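Protein chains in written order, with the numbering used here: chain A, 1 to 158; chain B, 1 to 179.
Don't read these hints as lab results, they were simulated from the structure.
A portion of the hints provided could be inaccurate.
Here are the computed lysine-lysine pairs in the DSSO-like style, where the Cα-Cα straight-line distance is at most 30 Å [unchecked claim]:
id: 1; chain 1: B; residue 1: K13; chain 2: A; residue 2: K98
id: 2; chain 1: A; residue 1: K150; chain 2: A; residue 2: K53
id: 3; chain 1: B; residue 1: K109; chain 2: A; residue 2: K78
id: 4; chain 1: A; residue 1: K136; chain 2: B; residue 2: K13
id: 5; chain 1: B; residue 1: K36; chain 2: A; residue 2: K117
id: 6; chain 1: A; residue 1: K98; chain 2: A; residue 2: K109
id: 7; chain 1: A; residue 1: K78; chain 2: B; residue 2: K84
id: 8; chain 1: B; residue 1: K32; chain 2: A; residue 2: K98
id: 9; chain 1: A; residue 1: K117; chain 2: B; residue 2: K109
id: 10; chain 1: B; residue 1: K36; chain 2: A; residue 2: K53
id: 11; chain 1: A; residue 1: K79; chain 2: B; residue 2: K84
id: 12; chain 1: A; residue 1: K78; chain 2: B; residue 2: K36
id: 13; chain 1: A; residue 1: K117; chain 2: B; residue 2: K13
id: 14; chain 1: A; residue 1: K136; chain 2: B; residue 2: K84
id: 15; chain 1: B; residue 1: K13; chain 2: A; residue 2: K150
id: 16; chain 1: A; residue 1: K59; chain 2: A; residue 2: K109
id: 17; chain 1: A; residue 1: K59; chain 2: B; residue 2: K13
id: 18; chain 1: B; residue 1: K13; chain 2: A; residue 2: K79
id: 19; chain 1: A; residue 1: K66; chain 2: B; residue 2: K13
Computed from a predicted model, the values in this text were never measured in an experiment.
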Amino acid sequence: MADEALFLLLHSEMVAGLYRAAEQGDGENGRCTTKLESMGFRVGQGLIERFTKDTARFKDELDIMKFICKDFWTTVFKKQIDNLRTNHQGIYVLQDNKFRLLTQMSAGKQYLEHAPKYLAFTCGLIRGGLSNLGIKSIVTAEVSSMPACKFQVMIQKM
Amino acid sequence: MSRSPGRKQENDKISRELFVLTYGALVAQLCKDYEKDEDVNTCLDRMGYGIGIRLIDDFLARSGVKKCRSYSETADMIAQVAFKMYLGVTPSVICSSAAGNEFSLILDKNPLVDFVEELPAERASLCYCNLLCGVIRGALEMVHLAAEVTFLQDRLKGDAVTEIGITFLRKPEDRKHKR
């Protein structure tokens, strides 16, 4: 759908714009990642509300994670998560072998050092979505070879 | 996986909401970073320009339209094809100058402000949708049409409709572009 192109371009511009501003300002790169993550958090909260308006109540944590991997990911990135692993003690690893926001960048190890910038927003998106479903979590991401990436979700017991 | 048509439309709607929500979060973040409204507006315009110069490729590939032969055809193309494709609305076009190079797009429904009730009091001169101006400007520049694009009226600021003004600038006659 045409909207996808718009969102991809907006996301790239956001990342580029924030980092460009940081370079001209006080040069703190760490804060850019935090800003992107908190933006993703807000969007994730709003989006999950719209999305789960009519769905049935979730049975448990695993059910919620499966929802994120299937329906949520399909709506946002037009495909499902390829692999979900868990240790059944609150840690989940979501693996996407062809992450939409990285496919245009490279197919291998080139530009690997820039990849984390493009994952911060999505980490926030997942964290925001889970937060409005009643789950407090910490989400991190790692990339070893583009465009595959892994998102690690650590559930915080409240 | 088979889905009912109703579900697919809902998913498309949510896809568009993703863009709208992301844009809102971006504007909120920029408002936190910059104190002056003009700085935020400039930043949004610059980002829009960056998007526009790339979006034009996507637009031309998807729509397959032929070259426009006049400014008014270009303005119609932007309103009826591009806006419909990306934002799902069709603004109306008015030619506002006798010379035929100034046009206005009147939007009575602006999807970008779906979740915005009103601008905060201290941000009265913020052009919330300034990204759109940059996008149009960037896209036109990539097809060799220089233009100035600004917001003439904005519903968020109390006007009746949202109006975007496009002024096509004459190509400089005295420079020859050899490629």
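Each hint, compared with the structure:
no.: 1; hint: K13(B) with K98(A); verdict: holds, 24 Å
no.: 2; hint: K150(A) with K53(A); verdict: holds, 28 Å
no.: 3; hint: K109(B) with K78(A); verdict: holds, 27 Å
no.: 4; hint: K136(A) with K13(B); verdict: holds, 27 Å
no.: 5; hint: K36(B) with K117(A); verdict: holds, 27 Å
no.: 6; hint: K98(A) with K109(A); verdict: holds, 14 Å
no.: 7; hint: K78(A) with K84(B); verdict: holds, 21 Å
no.: 8; hint: K32(B) with K98(A); verdict: violated, 34 Å
no.: 9; hint: K117(A) with K109(B); verdict: violated, 34 Å
no.: 10; hint: K36(B) with K53(A); verdict: violated, 38 Å
no.: 11; hint: K79(A) with K84(B); verdict: holds, 25 Å
no.: 12; hint: K78(A) with K36(B); verdict: violated, 38 Å
no.: 13; hint: K117(A) with K13(B); verdict: holds, 27 Å
no.: 14; hint: K136(A) with K84(B); verdict: violated, 39 Å
no.: 15; hint: K13(B) with K150(A); verdict: holds, 27 Å
no.: 16; hint: K59(A) with K109(A); verdict: violated, 40 Å
no.: 17; hint: K59(A) with K13(B); verdict: holds, 27 Å
no.: 18; hint: K13(B) with K79(A); verdict: holds, 17 Å
no.: 19; hint: K66(A) with K13(B); verdict: holds, 22 Å
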